[in-house]
Structures are given as C-alpha cells and as structure tokens.
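**Student:** Now for the letters of each chain:
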Amino acid sequence: MAVDIDLEHVARLARLALTEEEKARFGPQLEVILEHARTVGEVAATSHPVPRANVYRPDEPRPCLTQEEALANAPDPFEGRFRVPRIVEEE
Amino acid sequence: MADDRPFSDHPGHELAEALRRGDVTATEILESALRRIDEVDGSVRAYLRVTADQGRAQAAAVDRRLRAGDDLPGVAGIPIALKDLFCTKGITTTAGSKILEPYVPPYDCTPWARLSAAGAVLTGKTNCDEFAMGSSNENSAYGPVHNPWRLSAVPGGSSGGSAAAVACGEAVWALGSDTGGSVRQPAALCGVVGLKPTYGRISRYGLIAFASSLDHVGTFARSVRDTATLLSAIAGHDPMDATSLPDPSRDYRVGLEAGVDGLRVGVVEDWLSMEGTEPGVRDAFQAGLAALERLGATIVPVKLPHADYALSAYYLIAPAEASSNLARYDGVRYGLREAGSGSVTEMNTRTRGAGFGDEVKRRIILGTYALSAGYYDAYYGQAQKVRTLVIRDFEQAFMEADVIAAPTSPTTAFEIGERVDDPLAMYLSDVFTIPADLAGIPAISIPCGLDAKGLPVGFQLMGKLLDEPTVLRTAHALEAELAFADRPALVSSGS
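Chains as they are written, first to last, in the numbering used here: chain L, 1 to 91; chain G, 1001 to 1495.
Simulated from the structure, these hints should not be mistaken for laboratory data.
A couple of the hints might just be wrong.
[Said to hold, decoys possible] Below, a sample of chain L positions facing chain G; criterion: calculated Cβ distance under 7 Å: (1) 5; (2) 10; (3) 13; (4) 26; (5) 29; (6) 32; (7) 43; (8) 44; (9) 48; (10) 55; (11) 57; (12) 65; (13) 73; (14) 82; (15) 84; (16) 87.
Virtual Cβ for every residue (Gly too), placed ideally from N, Cα, C.
Excised from the complex, chain G in its bound form (with noise of 0.2 Å):
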C-alpha cells in the first residue's frame, strides 16, 4: 500500500490493486475495519449489528478464490455495511423500528445478493431513522449515531451510520437509500461521497419500503472512482422489481476521466439566497463553483421556479405511500405483536401504538388523512400535480445546463437534539435534495470543504434522468481538483 494508514482508510480501488498484487488479504482489510470498529463505534454507533463471522467466513473466500487465480470483480474482498433497512438472509434486519423486533428475513435483498455473489465482504447492519423516516438519525429506535467530526452532533439520516462507518473506516463502503436526500444529505454531513442514481436504476427488491415512488437505493464511498465501482456492481434490471428500468447497465469508471471543459453547469440562484442557507456552506459552494469554471466549466443561472412547493409535496406524497406501506405492520405475519387483545383489531391497534416511534406515528396520522376522502384531492392530489411542474422545472433547465449544481443541505452537522421537536425544521434540511428524489433524476454529493467550526460541506451535482455518467465525471473532476482530504479527527490524530 502507499502508505501505512490502517487499510480500511484507503480508496477501494487502491485496496482491490493491492489485494491482486497479493499485498494484502480480503482478510487483513475486513479486520482492519473492525478493529476500528472496535476504536470508535461505542462513541460513533454506525452499527446496529457487526457481522463479522459472515464478514470472516466471506473474506476468506474472496482470499481462497484469490490464491487459486481466479478473475474478481472490483469490489471483491472489499468491507461494506448495509442500511438496516436491506434484508439480509439469516441477520435480523429491523429497519431502526421496535415493531420488526425480531425479524430474521428469509431472503437477500437483490443489492446485497449481487454484491455477495461479486465477493464483497459485509461488516454489519448500520443504524438509521426508524423506516429511513429522518434527517438526522435521531428517530432510530435504538439511539442516535453521533457524526464522527463532532460526536455531539447528528450524522445527517436517515442513512445516518452508513455515512459515519464510511467517514471513519469502519467500511470502506456502504448503501443507503434516498427517498428525500437519505443518502446525500448525510454523506454531506459526513463529509463522504454519496449517490442516488436514476429511480429504477438499482433494483430496491428487499430494501423496506417507505415511500415506493421516491424510494432509490443509494451508495456511500470516499471518493467518486469508487462511487462508480460499486453502482456498476449493483445497478441493472431486476425482473424482481417491477420498477427497475430495463436499461442496460454500464461500467461507469468508462469516462470518468473526460474531464468537464466546456461543460454547461446550472446554479438556481434563488437557492443560494435562501432562508437558512449557513454562510459558511454557501461560501464553500461558490468555491466549488470556481474550481468548476477554472476546470473550463461554464456557470449558467437555471430556475427552477417550483421547487419552492417540492418539499410540501414531498410531505404529503411521502407520508402518503408510507401510511399504505406500513400498513403491513399490524402484528399477523412478522415482528410485534401486543399480546392480550380481544379482537384482531384491537390487536392490530395496540401493537402499531406500541411498536412505532414518534415520527412513524407522525407521518401515519398525516398521510392516512392525505389519502382520506374528501382530503385526498386537496391533498394527495395536488402533491402529484406539484411533482409534475417539478419534472418540468428540470426538463426546461437541462436545456441550458447538462447538469445542476446546489449545495447538499442547507446547514453543515447540527446538534443532537436540536431540531427534535420541531419538524418543520428537520424537514427543512431536504430541501434542496428532495427535488430529484421527486424528479428521479441522478443526484451526487461530494464533500467541498469545511466550514468555521470544521464541520465539511456537501457540493450537489444533479443530472438527466440516466445520464449518471455526466454527473460522476463532473464530481469526479471536481473532486480531483477540490483535493478534499479532511477525515474526522477521530481517525485522522497521530497519522
């Protein structure tokens, strides 16, 4: 290796060279990880559950398979956790919720089985907001993650401990899912590489549903390379999905070094002015800007004049499908169940009003009402309509500009506590992220810089619907030319 870093710090890439070269074993790399488990995670809490036996019992396949010369995939031999809302076969899976409490699924979620059969080696199950339903982590059942750059503030969620166990060692990779900016508002926060492809690029067969028209399965990395390495592993049709697109996948490191001279970046100026918006993320985005326009990028002011009724109609739309989705959970076939009840009504009630959290219960209540009569109109139905001028919003702004640049999130980490009683508030941090969640369209955020307290700031890169290529060449020019290189003091004392 290049350097004598533990190697779950290093770029995947750079461990799958050395794992071929025969300098390193699938082994070595996987214990690396948990030994910095081990280090951090009673202060982080990334992991609702390490896996290291099956981590162990894979990386000495990987290590086997290696010796006898086989071919791999780039992502063999390489450490990665899962959201907890990724069934996984035979490992309680609990989706940060006390109602699956104990679920044990009896089959692989598509994601996790393609990277299993490539040789990727799993270090746990990371905890999240309760059915990936937050912004800040804090709606797990079981505890906040604290973000590894500052242990009293939140990681960003709901993939909240995917983006910390990334921004620490504690895997080298790992998924998330997107449905309001689940993956990119933490990666942000965490100062770490997160994306959200096309809907329907990867397949979502057993991931647990929240909002089934805006969920995406999305990825965590510490550099744009690798980001393109394990969406290639994982994306493509699934006939088990019915909302996977049939489009053929691709190798997406093909063209990662292009470059992005004469490339067309939108800014929606009105973003920038925002309420809210921290001067320090605002300043560390406009220098992102000009490491665009120096790479020979051009700038071009976009509009995308009803974003400012995105994040209502998120609210409606989402709480809508999850008030439907989660109306599996009514103690019968799996999970909890409230012992004592006269009828199986009573049954059903008292064991969703012991099992669910508050946020659960909150968006339940909001989205059965969206969705009753006489309300379903005013409510559901113009969140949809609102979603359609959105797609027109893009569609009018990828005429001028082949991508869209904004901030992640209007804030750098908050802290702990914060904004627990005010959802409004917490909603407020998705704000420039739920737009392509509502679009579909690929979205990345890379980390730009920090701001005064130290805290790193997310640089967002929006593209056309499948047009991931584009946006993973331009996060990739600009992360080459930012050279962020800041890890969390927790890890980066004494190296």
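Just chain L, with the same shape it has in the complex (with noise of 0.2 Å):
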C-alpha cells in the first residue's frame, strides 16, 4: 500500500517553508522511509527505555539567569522583552 503524505498540510503544521524543489525531493523520499515504518503487532508502548515516575527535586529558589542573560542571545531584544511581529491581526 503506498502511503499518501500530504506535504503542503505536514510542513504548515511544522511551521516550515518548503521550496517547490524541496517538496519534490522529500515526498518520495518520504514515502520509501514510512513504507519501511509500517509494521508490528500489539504489545503495550515504551516510551522511555528506563521506567521512572514522578521525578521530583526540591522546590527551593537557585541562581538563575539574569534578565540580561536570558535575552543575550535573542534576535530583536526591547526593552528587557523578546519582540516579534505582530500575532493578533489588526480589525
């Protein structure tokens, strides 16, 4: 059964801009990698190889990074925040 991946949804979901040279090379080379992957009976999931639960340490206050630290790497620091462009469209 070959397998469908619509590409053009995938990469919105992924936040990712394809070129159209891209989306040409990946959809196959997809498909041959999730063709491989479809297998397997039913057993119960691993989802870390080493079991642990609730992993707690103390809830007291450290050191940590300063303001200025944190926002050191940042493309477009202002005033002590991390700016982007605008997320709410305007009326």
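Two chains, two separate frames, one set of hints: put the complex together.
**Tutor:** Here is the structure:
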C-alpha cells in the first residue's frame, strides 16, 4: 500500500517553509521511509527505556540567568523582552 | 614518556602519570594537541572552533595546582574536545546548524561542568551532523569532516568530528552524543573506542536535544581504560536532568582487569548474514569472537527477533521527538530570524525554512506527520510498541548471555557523497547500533582490525542496564588480546 503524505499540510503544521524543489525531492524519499516503517502487532508502548515516574527535586529558589543573560541571544530584544512581529490581526 | 611521540598521541592514563611525576606539563600536552590541529585539521576539518585561549588558561591552572602539590583527578590536564552539541558558557555553540547562528550559551552543560571542575582542558568544539541527525557528518551546515584514515571517506556520524579528532591526536579524549549510534558508529569508522552508557547514566543537562527518549552522552578515547576514567568523571545523578538515574556512580576502572574466563558472549547470528554487511567487517568481527574464546569466554547464539523492526521504529520515534524538540527554533529567543515578515507565523515559518538543512527538514516533516491527528496510533504508537518488543528481546537474550557482541556498523567508512541522496541507505548504517539506544542499554565499540581497504572495523559489545562494568571488562580484555595498534597514516608516518 502506497503511503500518501500531504506535504503542504504537514509543512504548515511544522511551520516550515519548503521550496517547490524541496517538496519534489522530499515527497518520494519520505514515502520510501514510511513504507519501511509500517509494521507490528499489539503490545504495550514504551516511552522511556528505563521506567521512571514523578521525578521531583526540592522546590528551592536557586540562582538563575539574569534578564540580560536570558536576552543576550535574542534576535530582537526590546526593553527587557523578546520582540516579535504582530500576533493579533488588525481589525 | 615511554616514547617520543607527540604527547597528544599518548593514552590519557600515561599522560596523567607523567603529569604527576613532573615529566610533562598540562601546557605542553595541550600545545602538542594544538600543533596537531594546525598540521592536519585543514584536511580533516574535525573542529568547528578551536578554543586555544580557554584551553591554555585551563592548562596553566592545572600546572599551578600540580606545582602546589594538589592531588588532582585523572582527567586533569587531559585535552578534551566537545561535540558542538554541548553548551559551553561563553563559547559559541551551533549544533552544526545555521539556525542557531549566532548562539553563545549562558551556561555550561553538566558533563563539561564536571570535567572542567576536575581540571580537564578544552581543545574546542567539534563538527557534527546538524542537530546530530546523520550517520556521515555530511549533514553539518559547515561542511563534512574527512576520515583521517582516508580523507575522501566519511568519519561516520553524527559525532564525526569528535571521533576524527581523537583518531588523529587533535584531542586525547572527546565527548559525543548517541541517539541511534552517533558515538559508536563514528568510533568504529575512525578506529577509536566509543562508549554509550546506560540511558540516564550521564546527565544531558545542556546537551542540545534531538530525541529525548533516545539521546545519550557518550565518550571517545583510544583505549578502554581511558574510557573508564572519562566515564567515572562524568557519570552520576544530576538534579537538573529528570531522566538522570539516581543510582550511585562508581570508579569504572575497578575490575577492568578481571578477564572474561567463563563469560557468556551472545551473538545474533542473523545479523552476520544480513544483506549489506561487508565481508571485511564479518572477518574482523569473527576474529574478535575467536579472541574472546581464546580468553576463556563461551560464544552462545542469541536471538533478537524484533531487531528487524528496530530501525523502522527508530525512524519514527526519533523524528517525532525531534519535531517537537526543534519547535523551539522559531526566531524568537535565540539564533536566526528571517527579517521582513508581516506576522509571527510567517516569521517562524520563513526562519525555519531558511535555517534548517535538508535532513533536519525531512525529519521534522516525518515526525510532524507521525504525530499528526489520524496518524499518531499508526506510526508513533506502533513504533513505541516495537520498542517494547526490542527491550523484551534483550531481556530474553541476557538470560543466556552476559554480553552481546555484534559488528558496530555493517560497513567500514564509505565515500563522501556516496549515500547523501538515499536516506534509507544512510539509515541502514545504524542497523546494529539502534537496538541498544531503543533499549537504553550500555554499548561500546572498540577497533578490531582493518578491512582490505585498510579501514578500521568496530566490534560492539552490549550489556544489561547499568552493567557498564561487564561491558568495559570484556572490551578491555578483547582490546589487549587483539592489540590493535594501527593509527591513520596521516599521523603515523615517520614514527
């Protein structure tokens, strides 16, 4: 059974701009990989190779990055914040 | 020193002894590594950044402390390279990607914090596949690394720069990360020792994430003894990594000499007849098994019936987790931002389109698809079930065997460019290493000979969860029996 992957839809979900050339190249490659991946029966799923649950550490204040350090790598810091293009559309 | 080779070509434990005797200084050891980098890195390209200034300051500090009579740990004064996936405070870190450019971490990863506190000396940050996705180092945004044994061939990946640097004495030791074989496979292709310990044994705090349920920190060295020393220095619980195991660490050098008499070594016979396994790999592996038998070990056949599906499961789980982990590269908090976008969504989308390379895009798409509504159960859910089956297979096999042996990779180093357009062929490079990542069990690769082309072959040993001591003891005995002493012609000519 051939695997059908809607590249446009998936790229939109991943917020990933793809060129026409990339779409043409990735489509068939991804189908081959997905074909190879379609196998298996019913068993319990493993999400973590060494089972651990409810890992806590003491809830104590500790030194952390300063605001300046946290912003040092930001592409567009502004008055102590991360500035981004408009999120809410104008009326 | 026992001979007049440059210091950085010597084993770390010999350097440590010479340092304490006062026969050599940490500064002299570092300078020998920096000289080697000058000589060969123009053709090998193992490093993205050489940190000579930081290294010199660290080496000088070690020398001062030794002169003052301080008792320093075994890693003090040893030049170590870090894969550029480890965050280093104040030192640019790229993960082999353009999307992080420019990124200067404001903190140190735990493995390096521990090493530097113990007096280790940083040589630099090594080249790797972008976000550790690859088996050849060709997916680095900064160009490929060349295998020191044959410059036209790949060093393996994704930790190719770390493996190549150790192979040619550009560092004595190095750290890498292993998600599907990214320490053991390049170790095999470059003829050095690569260890991936139990999942959670070494903290990943500050290791840039690829696939969180599979990512392991691993080590590169030129001997098993040095591997044990390096592991002892960085293993152990870290409250900053919730997946870090609470079990106490230990001195992994203890018991290394105990031998393998009576040890049961499991061999997966199906793997030896697997299509695509080169005769040269099979022969060197068989010679390794014969060596273990001479030492008193018993070879027993074991089965891992679901290992055939492990590769498929891996290539769903790893991309799925990567698609989630890499969502953070959105042009907001660090790294690249494509300017001139009208909305934040457009800015995110264009930034990611411009910043990620081919393989990363392929895996983000694959992972997003595998996690998307309507496909989750069929792909990600199924893959997690395969993972359970692989773990059960190992549990069964370890009832009959104390360790399991296999080739590390089905082939020796392949040519640069040979597999770039065939992702599935590239993925098959990891067919023998992926099962140990899925199961989280410790596994090591040591060199066991050369093929007809003169390229090194890796011998892999896998053990039970947290049974690093048996894996290391077996590898140490095999290493001594095989006495593999070849070095790449690039650095051995004239010596």
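**Student:** Against this structure, judge whether each hint is valid.
**Tutor:** For each hint, the structure was consulted:
At its closest, the beta carbon of residue 5 of chain L sits 6 Å from a beta carbon of chain G; the interface hint therefore holds under the 7 Å criterion. Checking residue 10 of chain L against chain G by beta carbon gives a least distance of about 5 Å; that is within 7 Å, so the hint holds. A hinted interface residue such as residue 13 of chain L counts as satisfied when its beta carbon comes closer than 7 Å to some beta carbon of chain G; here the least separation is about 5 Å, so the hint holds. Contact between residue 26 of chain L and chain G, as hinted, is supported at the beta carbon level, the nearest pair being about 6 Å apart and thus within 7 Å.
Taking 7 Å as the C-beta cut-off, the interface hint given for residue 29 of chain L holds, the closest approach to chain G being about 5 Å. Evaluation of the residue 32 of chain L hint against chain G yields a held restraint, the C-beta minimum of about 6 Å falling below 7 Å. Proximity of residue 43 of chain L to chain G holds as hinted, the smallest CB-CB distance being about 5 Å (cut-off 7 Å). A distance limit of 7 Å between C-beta atoms decides the matter here; for residue 44 of chain L the minimum to chain G is near 5 Å, and the interface restraint holds.
A least Cβ separation of about 6 Å between residue 48 of chain L and chain G falls short of the 7 Å threshold, and the interface hint therefore holds. Proximity of residue 55 of chain L to chain G holds as hinted, the smallest CB-CB distance being about 4 Å (cut-off 7 Å). For residue 57 of chain L, the interface hint holds, since its Cβ comes within 7 Å of a Cβ in chain G; the closest pair sits about 4 Å apart. Interface hint at residue 65 of chain L: satisfied, since its Cβ lies 5 Å from the closest Cβ of chain G, which is below the 7 Å cut-off.
Taking 7 Å as the C-beta contact cut-off toward chain G, the hint placing residue 73 of chain L at the interface holds, the least distance being around 4 Å. Because the beta carbon of residue 82 of chain L sits about 5 Å from the nearest beta carbon in chain G, less than 7 Å, this interface hint is met. Checking residue 84 of chain L against chain G by beta carbon gives a least distance of about 5 Å; that is within 7 Å, so the hint holds. Given the 7 Å rule on beta carbons, the hint for residue 87 of chain L holds: about 5 Å separates it from the nearest Cβ of chain G.
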